[in-house]
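Q: If you want the building blocks of each chain, they are given just below.
2 protein chains.
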Amino acid sequence: MMAIKAARAYSGKPKIAKCEGAYHGSYDFAEVSLDPTPESWGNGDPKSVAYAKGTPRSVLDEVVVIPFNKPDRAERILRAHAQTLACVVIDLMPNRAGLIPATPEFIAMLQRFRKETGVLIVLDEVITLRLGYGGGQAVFGITPDLSAIGKIIGGGYPVGAVGGSADVMAVFDPTREKPLLPHGGTFNANPVTMVAGEAAMQHFGQDEIDQLGMLGDKARAGITTAFDEAGLPGQVTGLGSLLRIHTHNRPLTDYRSSLMSAPEKSQLAAILRRMRDNGIFVNERGVCSLSTPMGVAEINIFIDCFRAALGATQAAK
Amino acid sequence: MMAIKAARAYSGKPKIAKCEGAYHGSYDFAEVSLDPTPESWGNGDPKSVAYAKGTPRSVLDEVVVIPFNKPDRAERILRAHAQTLACVVIDLMPNRAGLIPATPEFIAMLQRFRKETGVLIVLDEVITLRLGYGGGQAVFGITPDLSAIGKIIGGGYPVGAVGGSADVMAVFDPTREKPLLPHGGTFNANPVTMVAGEAAMQHFGQDEIDQLGMLGDKARAGITTAFDEAGLPGQVTGLGSLLRIHTHNRPLTDYRSSLMSAPEKSQLAAILRRMRDNGIFVNERGVCSLSTPMGVAEINIFIDCFRAALGATQAAK
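Residue numbers (the working numbering), protein chains in the order written: chain G, 4 to 320; chain D, 4 to 320.
If you are wondering where the hints come from, they were derived from the structure by calculation, not from laboratory data. Some hints here could point you the wrong way.
Identical copies go unnamed one by one, so any copy, or any two together, can satisfy a pair.
[What the hints assert, rightly or not] In silico lysine to aspartate or glutamate, DMTMM-like type, Cα no more than 25 Å apart, as pairs:
#1 LYS268 with ASP176
#2 LYS56 with GLU180
#3 LYS50 with GLU180
#4 LYS154 with GLU201
Using the sequences and the hints, build the whole thing.
A: So, in structure tokens, the structure goes:
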């Protein structure tokens with residue numbers, strides 16, 4: 004929310020663009036088109052679809068929705084709205100949209116659009132920060148104007164933060180007159196969170212990231228092999244310490260291709276229920292996140308549990 | 004933010020009403036007309052004035068601004084918009100608008116409007132919760148549809164929460180299908196905050212509230228006496244453990260009457276600077292909040308420090 008407000012304050016322009024199916028918190032503008040369906044997304048370009056009941060029509064009108072990983076269509080839509088856009092909000096691997104990495108072509112388009120129009124790039128790194136020592140932006144090779152971060156930087160306590168280039172961040176500057184964008188609030192500058200977050204970050208260096216990446220590769224390979232052995236449709240997406248299990252074999256590029264059908268949802272639910280009964284809880288979307296206390300032993304337990312759940316699901320057919 | 008979104012989801016209506024000068028967090032809609040000036044507030048009814056640069060015009064259009072403690076004018080404005088209003092957001096003693104308690108007439112108007120139109124009352128109790136064991140709503144005698152709470156319920160950790168009547172809170176219910184208003188996010192259900200908050204609340208009972216109220220009365224009386232003795236214009240507002248120092252003698256009813264002129268601001272700053280130099284820091288608006296570790300000794304130190312600062316300010320004239 005503060006990153007979007009900062010982009011508006013810096014540019015003086017009201018609209019934002021975001022990718023269909025991408026989650027960026029519960030700020031109304033960021034929630035637009037978070038979970039559209041074939042019934043609501045229409046035939047042509049993505050439409051602004053409300054996520055919650057009661058979302059004002061005016062909020063929908065301030066949001067331009069683009070398809071993830073479809074650079075040509077996305078660029079055409081962005082250029083049509085460039086005059087009124089404050090920013091494009093991007094998650095490089097949006098978990099609700101399939102945990103599919105952004106393609107080099109999509110990133111190149113965003114950078115070209117940024118350069119030619121001046122519309123800011125706001126990177127949502129709340130989840131992807133953990134992918135690299137320089138965040139997801141270093142891994143994917145994109146330099147945003149603003150980055151929204153959170154989760155791991157709080158060391159277990161609630162936290163959110165915004166960083167960016169000095170000229171954009173100047174909108175928050177309270178040292179002279181009232182800033183363009185005052186930033187106060189109960190959540191700000193909590194001392195315990197700041198101390199815990201710094202301690203956690205001191206213990207999260209390149210070695211830890213490399214180790215988690217190796218474990219993630221191992222987990223993804225194990226899941227792929229298990230699907231093959233069981234003869235069940237399925238695949239896994241993700242990078243580094245993040246992965247998502249899918250119960251179909253469609254080519255995955257964006258939100259629409261990742262959206263599960265009712266039978267695919269049931270299949271995933273059946274697998275995850277069996278895993279839970281055997282001691283491993285995975286969230287209902289099949290998204291997993293590895294953490295530094297884990298080692299090879301834990302990944303092996305995870306893969307064994309997953310394989311057993313697949314086998315039982317196959318046998319129950 | 005979640006309380007406003009809940010009122011919209013429950014009612015299906017887009018607009019909110021709020022009082023001029025009242026602070027309700029950094030959600031754009033809640034920030035409208037937080038700090039208007041005689042230049043921006045116009046001649047007639049309060050207008051929707053942006054607080055931050057870049058606030059979309061559409062946001063301003065979704066917010067109806069009413070004058071605090073002016074029941075007749077406020078009611079006329081509210082009734083004109085009742086068909087599109089999801090809720091009226093109220094702080095019973097808004098600190099940015101002077102820390103002036105709502106009058107019985109203003110509260111009676113709100114309750115009548117609620118009853119006759121069905122437009123929900125959202126009470127911002129983030130600060131006023133501490134005024135009574137049943138919150139500010141028990142002290143002032145108003146039953147809201149939704150209450151937003153925070154600060155003291157976190158035991159020192161960042162926290163916010165929304166409560167209300169079962170039929171309105173049902174918009175969050177995730178136990179069946181997707182709720183009308185899904186409520187997820189990084190800040191939710193933090194275990195440490197929940198444990199610390201419960202512990203803090205277990206230690207904050209009627210005795211503590213009574214004691215803080217007694218100390219607050221003592222502090223306010225001391226400030227009033229000190230202004231009298233120094234022969235300087237000034238007064239103090241507040242209730243219970245909350246107080247705000249004003250460097251003028253205007254009758255205080257609402258935001259506009261409490262807004263400091265440049266000389267009044269300088270006078271307050273001079274007093275607070277002298278207090279700070281003598282070891283007591285008061286925020287730039289002159290708002291103070293007492294806490295349970297304080298006793299009569301601390302209040303006496305505070306009053307002595309304030310009296311000395313007034314005397315030095317008087318002598319420097």
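Q: When the hints from earlier in the document are held up against this structure, which numbers fail?
A: As far as the earlier hints go, not one is violated by this structure.
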